[in-house]
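So the protein sequences, as listed, match chains A and B.
In terms of numbering that gives the first Met the number 0, the first sequence has 34 at position 35, counting the first letter as 1, and numbering is strictly consecutive.
In terms of numbering that gives the first Met the number 0, the second sequence has 87 at position 88, counting the first letter as 1, and numbering is strictly consecutive.
One thing to keep in mind: the hints can contain errors.
A pair holds if it fits inside one copy or across any two, identical chains being indistinguishable in the list.
[Unchecked claim] Computed list of lysine-lysine pairs in BS3-like fashion (alpha-carbon distance at most 27 Å, straight line): (1) K253 to K283; (2) K283 to K223; (3) K157 to K9; (4) K9 to K253.
These aren't lab readings, by the way, just hints derived from the structure by calculation.
Number of protein chains: 2
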Amino acid sequence: MIIKSSNRIKHIKPYYFASKMAQISEMNSIGMDVLNIGIGSPDLGPDKSIIAKLNEASGIKTNHGYQSYKGIEELRQSFSEWYLSHFNTRINANDEIQILAGSKEGIMHIAMSFLNTGDKVLIPDPGYPTYSAASRLAGAEIIKYNLKEENNWMPDFKSIERLDLKDVKIMWVNYPHMPTGAKGSIELFQELISFAKKHQILLVNDNPYNFILNNSPISIMNIKGAKEVAMELVSLSKTYNMAGWRIGALIGAKEYIDEVIKFKSNMDSGMFKPLQLAGAKALKLDKSWVDKLNDIYLKRREKVWEIMDLLNCTYDTQSSGMFVWGKVKNNKNDEELIENILQKARVFITPGRIFGENGKGYLRISLTNSIDKLQEAKNRIIKII
Amino acid sequence: MIIKSSNRIKHIKPYYFASKMAQISEMNSIGMDVLNIGIGSPDLGPDKSIIAKLNEASGIKTNHGYQSYKGIEELRQSFSEWYLSHFNTRINANDEIQILAGSKEGIMHIAMSFLNTGDKVLIPDPGYPTYSAASRLAGAEIIKYNLKEENNWMPDFKSIERLDLKDVKIMWVNYPHMPTGAKGSIELFQELISFAKKHQILLVNDNPYNFILNNSPISIMNIKGAKEVAMELVSLSKTYNMAGWRIGALIGAKEYIDEVIKFKSNMDSGMFKPLQLAGAKALKLDKSWVDKLNDIYLKRREKVWEIMDLLNCTYDTQSSGMFVWGKVKNNKNDEELIENILQKARVFITPGRIFGENGKGYLRISLTNSIDKLQEAKNRIIKII
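Could you build all of it, start to finish, from the sequences and the hints given here?
So, in structure tokens, the structure goes:
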């Protein structure tokens, strides 16, 4: 390679699942038939009405051109109404919403729009690996803050305040939390907003799991004064089984959104209009859609618990979200354990350590698998234990 | 705004068309009915078979989950066959193609994957503004190289070699060239590859306009040794009237592609599978598709020439691509001229200067407008001249 890659790339690995899925597809290519129960890719598909909308809209000749950078009005309006009806929160459809091709890309957009080289970013450990990767790629240093089981996976503000917070520019939070399934609360969000104001930190809540196995969805934007320091990422992926569609949004005060648009409009163009129109329709689905989805996840969760029991793991029966997060009782090495299961039982389970130091000794299994698939995984694991 | 944006954002303006379209939609909201003939957003829509494929694929339940970061095999394979049949160039579908949500995002991915702070980037003037914006956002300095009408808009290697090229890491080229419509040639590409090798520069050809009013489409990847120093961006937007769909690809040697995947897989997820399947089908359309499209553009171009004549502009009747690039004869200020036409005739034409210093005194009109719309624009302009 004559031309060398940038320094920011040198210490970045490809996203964990990018490499892991390549390994699994190699295993499958030699006939190993790996059952992947580690990844949270909703398997049930969206409501028929959403697909019908996509089809109708793609049949209209004028829907194939470039779209506006901030997203079409119908979709922004739908997100605004969704915030009002589900979170009792007023969001201006015109200038407090940036449509995203999935909330994941929003993490990089925010990093690039607010972080300078040498800035610091508070990242939850355990947490979604992209927070660290995006921060580093934007030139920032990361400071992990601990989330511990004994503290119900909530941040310990006292210990965070003992850190040097002078150069901290962004704090990532993610409640309901992935991978642990811990729920947020109004009190926690209030404390976070106060903390962010005190230290002049941009607080971003990554919030894609709100409606999955959670009876009281809340938004950080509902807290008084939130718009001064907080933004929120939301997504259609999990709630509407549309992970592959890549539709999400960034919510925040106009001034913050405007900075993100500067970056994003120089990076890409607006999303395919038929996708946006279908997304707008999804956001209007009533409560029965989510109830039906959760009924299925509840049944699957029992089967996942059986697998966790088999693996000698403990878990919180009250957790929310699309995963079961289990602690290996005898404190075994989670990575060794999952490699063993992958090689011998041909079942892929996500090792906790990919989410950080505090994930060591934990496993994550996804509810996005049918009872039959989970039963088959269980059968395979029984044979090797 | 309590939290300040990053330095990289401070000197970046929102993409020109993002602001301009906002202005035009404000004018329209008070009933001004602006005719936009400046932007190149194909108006004719894709072939029916492409939309049918999207609809069929979106009806399949397993097509709604996350997709691989590099793009599905069917689409990579189609791009590979497309390179072989149109450019007589072998590209390995497995590791020399990265699927992109439109080629525009590839510009940022390349910048972030290869540029360090202080690196320099050669950018054509005039040229697509995103090359500069993405380079600056990645922390690099830009060096514009002149393209002049008297040189048929080709780079003048002698004058480029007089520059200090020590820290130059990337050179952007774009043939067929936007906005001028100048075509590339095998000789030019050979010279570019030699230049890039000599100075160890990553050469990237942005190549979305190849099939529009161009009888001899060529790829820089067809040049011997190209893969050592060159990459190419291609897109479905213009050739298949799918600008809104956001489907493109980056072509290059595995080592270069791998670096880009490191960045991209940490930034977003794979594209919606039904879009990719439909894209794969588009790439298989035969020559009659492009011929039909070009017949329409040829007729429209005559009408655009009439408008250019009216505005006292000269133009190259042999140019390719989706635009007519006209030089204002009396060397008028292009920006004043287009503002005058916008305010008085309510017709939007793109001023040449947004593409750089060498674009001053030029105008760009797009062929993606019906004869009727162009005639209406002409009628409106006649009234104010």
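Tested hints:
1. In this assembly of identical chains, K253 and K283 lie within 27 Å of each other by CA distance solely inside one copy; the values are 24 Å within and 44 Å between copies.
2. For the homomeric pair K283 and K223, the shortest alpha-carbon distance inside one copy (26 Å) is at most 27 Å, but the shortest distance between copies (55 Å) is not.
3. Taking the shortest Cα distances, K157 and K9 never come within 27 Å of each other, neither inside one copy (35 Å) nor across copies (34 Å).
4. Within a single copy, K9 and K253 get their C-alpha atoms only as close as 35 Å, which misses the 27 Å cut-off; across copies the closest is 16 Å, which meets it.
Hint 3 from the earlier list is the only one contradicted by this structure; the remaining hints agree with it.
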